[in-house]
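Here the structure of chain A is known, so what remains is to put chain B in place on it, guided by the hints.
Respectively, the protein sequence lines represent chains A and B. Each residue of the first sequence is one higher than the last, beginning at 1 in this note's numbering. Each residue of the second sequence is one higher than the last, beginning at 1001 in this note's numbering.
Hints were generated in silico from the structure; no laboratory data involved. Please note: incorrect hints may appear among the correct ones.
As the list claims (entries may be wrong) - Below, a list of computed lysine to any residue pairs in the SDA-like style, where the Cα atoms sit at most 25 Å apart:
id, chain 1, residue 1, chain 2, residue 2
1, B, K1021, A, V449
2, B, K1159, B, L1214
3, B, K1201, A, D399
4, A, K160, A, R149
5, B, K1021, A, G359
6, B, K1021, A, H433
7, B, K1105, A, G369
8, B, K1105, A, P383
9, B, K1201, A, V407
10, B, K1327, B, G1052
11, B, K1028, B, T1458
12, A, K160, A, L278
13, B, K1050, B, S1003
14, B, K1021, A, R363
15, B, K1159, A, G359
16, B, K1028, A, A366
17, B, K1021, B, R1459
18, B, K1159, A, Q431
19, B, K1105, A, A366
20, B, K1028, B, M1456
21, B, K1028, B, F1044
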Amino acid sequence: MTPPAVDLRLLVPELVVTATAVAVMLAGLFLPAGRQHLLRWLAAVGTLAALGTTLTAGADPTPAFAGMYVRDALTRVIQATALLAVLLAQWLSGEYVERTGLEAGEYYALMLVAALGAMLMAASSDLIMLFLGLETLSIPLYVLAAFARTDLRSQEAGLKYFLLGAFGTAFFLYGIALLFGATGSTGYRALAEHARTPAVIFQAGLALLTIGLAFKAAVVPFHFWAPDVYEGAPLPATAYMSVIAKVGAFAAFLRVYVVALAAQAGEWSTLLAAISVLTMIVGNVAALRQTSIKRLLAYSSIAHAGFILTGVVAGTPSGASAVAFYLLAYTFMTLGAFAVVLMLHRRGEEADQIADLTGVAWRAPALGGAMALFMVSLAGLPPTAGFLAKFYVFTAALDAGQIGVVVTGVLTSVVSAYYYLRVAYTMFTGQPHEDVGFAGGRWVTAALVTASAGVVVLGIFPGRVISFVQQVGQAMR
Amino acid sequence: MLSLIIFLPLVGGIIILFTSKTNETLLKGIALGASLASFVLSLFMTALFKIGGGFQFLELGNWIPSLGIHYHLGVDGLSLPLIVLTALLSLLSVAYSWRIELRLKEYLFLFLLLETGMLGVFAALDFFLFYIFWEITLVPMYFLIGIWGGPRKEYAAIKFFLYTLVGSLAMLLAILVMYFNAQPHTFNMLTLIEQQPLAAKPVLAALAFWGFFLSFAIKVPMWPFHTWLPDAHVEAPTAGSVILAGVLLKMGTYGFVRVSLPMLPEAFRIYAPAVAVLALLGIVYGALVAMAQTDLKKLVAYSSVNHMGYVMLGVASAAAAAGIPEKAVAAATALNGAVFEMVAHGVITGALFLIVGVLYDFRAHTRGVDEFGGLGARLPMYTGITMVAMLASLGLPGLMGFVAEFFIFVGSFGIFPYLTVVAVTGVIFTAAMFLWTIQRIFLGPFNERWAGLPDMDTREKISLVPLAVLMVIFGLYPRPLLDVINAAMTTLVAMVR
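Next comes chain A alone, as it looks inside the complex (with noise of 0.2 Å):
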C-alpha cells in the first residue's frame, strides 16, 4: 500500500489557521507583557489570510487523505462562516480579556484551534475525521470555559462541559464502532450505500452518532448542560462557544444527513422533525423568564439550533444552503448581541443581568439601537439576516413538505419576540443603575459594527450572499 498523495494546497486554509495558532501561542510567551496587545493583531491578520485562502479557494468537490476529506462548496462556505466568527470573537475578546488579565496567548491560539476543529468537520468525508474535527473543536472548548482560573463559576462551567462533552463524545465514538461493524468502512461513501437496507446495527449507530452531535449543537433533550455553561464561561468565550459549536456541528449534520444518507431521509427527518420540534418548545419557553443575559442567550442559542435544524429536516439541497446562510446570520446577530453585553461592566464585573441594561440606550442611544437591532433580528422580524434566515429555512422545510415543523417553529418565533423585546424594551426605559458603566474599546466596537453591518446587509441586499451559500446546494444536486 503506498501512502495517499496528498495536495497540501487543498489544505492552505487551515494551515493558516493552524499557524496562527502556534505563532500567537509562541508569541504570547516571549512578548513583553506590555505588548501582548499585538497579539490581537497577529491573530486578525492571520484569521482575515485564512478567510481570504478560503474564498479563493476552489468549489470542485476535491477529495484528500484517501477519501478522509473533502474540499467543496460546503467546505468552503462553512469555513468561511466558521473563520468570521473566530474573528469576530477575537475582536469581541480584545478588551475584555485585557481587563480581566486573561489575555494571553493560549487564549487566542485556543479559539482559533476550535475554529479548525469546526473547519476540518466540515470538509469531513469519514467519520473518523468528524471524530478528529470535533474533538479538535470541543477540547480548546472545555478549556476556553474554564479560563478565568480564579472565578469559582468558571471552573465549575469548564468541569461540566468536559464531562458531559466527554460523555458525548463516548457515545459519538460507539456511534462510529457501531457504523464501522454494519459497514465495514468509517467512510460517508460506505453509509450511502448501506443507508439502503440498514441493519438493526447500522440504525443503532447512527442514533448514537446523532446523539453525540445534538449534545454539540445543544439540541433537545441533550441541552441540559448549555445555560450553565454559558452562564459560567467568561463572557466572550460564552459568545464564541455559541457560535462555533453549532457551526460544527451544523456542519456535520449536514454532511451526515444531508449528503451521505440522503437516500434515506423518509427515515431520520422524522425523528429530526422531532427533536427540532421539541428544541423550539422548550428552547423558546424557557427563554420567557431568564433574568441573566448570558442564561437568556444560552436559552435562545438552543432555540435557534432547533431553527437551523428545520433546515436539516427539510433534506434538501435548498434547505442545506437555508442552514449555511443560517449559520451565518446567527454568528452576525448572536455575536452582536454579546459585544454589546461586552460593552458594559458593572463595578468592573460582566453586566450579566438584563436588569443591568435598564436605561442604557439613552445614555448611548447607537449601543441601544444596536441591540434592538440584535433583538429584532434574533425574533426573526425583517428587514434583518435573521428574518430573512427564517425565512429560507422554513420555506426550505415547507417545500419538503414538513409541515408541522414549520408551524411550530412559526409559533414558537411569536414566543421568541417576547422575550427579545423585553431586552430591547429594557434598554430604552427607566433609569439607569449606577454602577453599570461603559467598557467599551476599538476592538469590540469594531465587532459590534462589522456585526450590525452584517445583519442589515444580509436582510435587505443579500443576493450575492444566498447565490453564494446556494452553491451548497448546488453541489448536492
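The following block gives chain B in isolation, referenced to the frame of chain A:
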C-alpha cells in the same frame, strides 16, 4: 417616483439619526421636510394618475434573484388614495408632535420609519416585499407605544405586538402556500391574481384564506380580534393613535381587498357570510361598547371597531357576490363604499384622536367625558372642529362618513339584506353615542375647573383644519375620489367574475 415617496421619510429618519439631539429645531425641520416632500410628491403622483389605467408608476427590479424575489411597486385606484392619506396623516402628525420633549430624536426617527413601512405596504406588488413592509411597521409602533405611551404602555405595546405578529406569521405561511402552488413559483402578486394557483385546490385555498384572514382581521381589527385595539389606542401617544387608527387599521382592510378578494375569490365567497356576521358583530358591539365609555380616547377607539365593521361588511358582501354577474353592480357599489370608508375613517378618526390629544396632552390632562361640560362657549374653534368630525363620524349627510356608509349599505343590501338591516341600526347607536358625547363635553353648565383653558393654537389648527376641510369637501363633492376608486373596483369585480 413611487420609491422616492416611500423612502424619502426613511432618508429623513437616517439623517435625523446623525443630527445632534440638542438641535431640536433642525430635527423637527428635517422630519417635517421629509414627510412634506413625500406628501407633495404623492399629490403630484395623483395629478399624473390616469383613472382606469390599471396599475401605474410600476417599478420592477431584481432584489434577491436567487429566491425569485423582486422589488415590485405600483399603484392603482385602491392604493393611491391610501398612499395620499398616509402621507397626509404622517405630515399632520409630525406637525402635531411639535411639542414632544422626551427623546425627540428617536421619536421622529421611529415615526419616519413607520411612515416608510406604511407607504410600502400600499405600494408593494411582490408578496415578499409586502410582507417586509408589513412587518417594518410593527417595531416602530411597538416602541412608540412602549416609550412615549401612557401609564400601561408596556402591557399595551407588547399586546399590540404579539397580536399582530401572530397574524403576520399566519400570513407568511399563507403567502408560502400561494408561492409553492404557483407554476412557476412566484411572489408576484399580479401573476398570482392572474394564475389563481389555488383555484382547483379548495382545501389549500381555505387554509390560505384563513391564514390571510387571521392576519388582516387582527389588523382591522374585526370582532373578536379587537381586544388589542383599545389598549394600544389609549396608551399610545396622540400622533401614534392617529397613525394607528388612520393608517395601520387600513392595512388590514386593504389586505382583504388586495389579496383575499382577487387571489382567493372562491374561498372568500364560501366564507363571506361568516365574515359578514363577524363584521356585523363588530358594528353593533363597537357602537354599544363605545357608548358605555367615559374615557374619550377609548370611546373613539371603539368607534373604530364599529366603523371598520362597515368596511368589512362591504368587502364581505362583494366577496359573496363574486362570480354572480347580476350582482356585480351591487358588489362594485359595496366595494366603492368600503374603500371610501377606509379613507373617510382615516381622515375622521385621525382628526378625532388629534382632538382628544388637544384636550388631553397640553390642556386638561384628563379624558373623562363626564368631567367636562359647557366647553362650547369657551372654545369656539375647538368645538366647531370637534362637531364637524363627530358628525362626520356618525354619518351626517353632507360630510364624508355619510357617503361611505351610504354606498356600503346600498351595495350590501342587494347581497346580504338581513344583515344590512341590522347593520343600519349600528348607525343609530353611533349617532347616539357621539351626540351624547358632544352634549356632555360642550353643552350644559360650564365646569369652572376649566376656566383657564385656551382655544387651539396655530400648530393644532394646522393639523386639524385640513382634515375638517377634507371631510366637508368630500362629503359634498365625493366624485373625484370616487372616480379613482370606482375604476379600480370595477376592474376588480370584473376580474373576480
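Each hint tested on the structure:
1. B:K1021 <-> A:V449: Holds, because 22 Å separates the two Cα atoms, which is no more than 25 Å.
2. B:K1159 <-> B:L1214: holds (16 Å)
3. B:K1201 <-> A:D399: holds (17 Å)
4. A:K160 <-> A:R149: Holds. K160 (chain A) to R149 (chain A) sits at ~14 Å (cutoff 25 Å).
5. B:K1021 <-> A:G359: Distance ~17 Å between K1021 (chain B) and G359 (chain A) Cα, so the pair holds.
6. B:K1021 <-> A:H433: holds (23 Å)
7. B:K1105 <-> A:G369: The hint holds at about 12 Å.
8. B:K1105 <-> A:P383: Judged against 25 Å, a Cα distance of about 22 Å means the pair holds.
9. B:K1201 <-> A:V407: holds (20 Å)
10. B:K1327 <-> B:G1052: holds (21 Å)
11. B:K1028 <-> B:T1458: With a Cα-Cα distance of about 16 Å, the restraint between K1028 (chain B) and T1458 (chain B) holds, given a limit of 25 Å.
12. A:K160 <-> A:L278: At roughly 23 Å apart (the allowed maximum being 25 Å), L278 (chain A) and K160 (chain A) satisfy the hint.
13. B:K1050 <-> B:S1003: holds (19 Å)
14. B:K1021 <-> A:R363: holds (12 Å)
15. B:K1159 <-> A:G359: holds (22 Å)
16. B:K1028 <-> A:A366: holds (20 Å)
17. B:K1021 <-> B:R1459: holds (22 Å)
18. B:K1159 <-> A:Q431: Holds, at roughly 24 Å.
19. B:K1105 <-> A:A366: holds (12 Å)
20. B:K1028 <-> B:M1456: holds (21 Å)
21. B:K1028 <-> B:F1044: OK: K1028 (chain B) and F1044 (chain B) at ~24 Å, within 25 Å.
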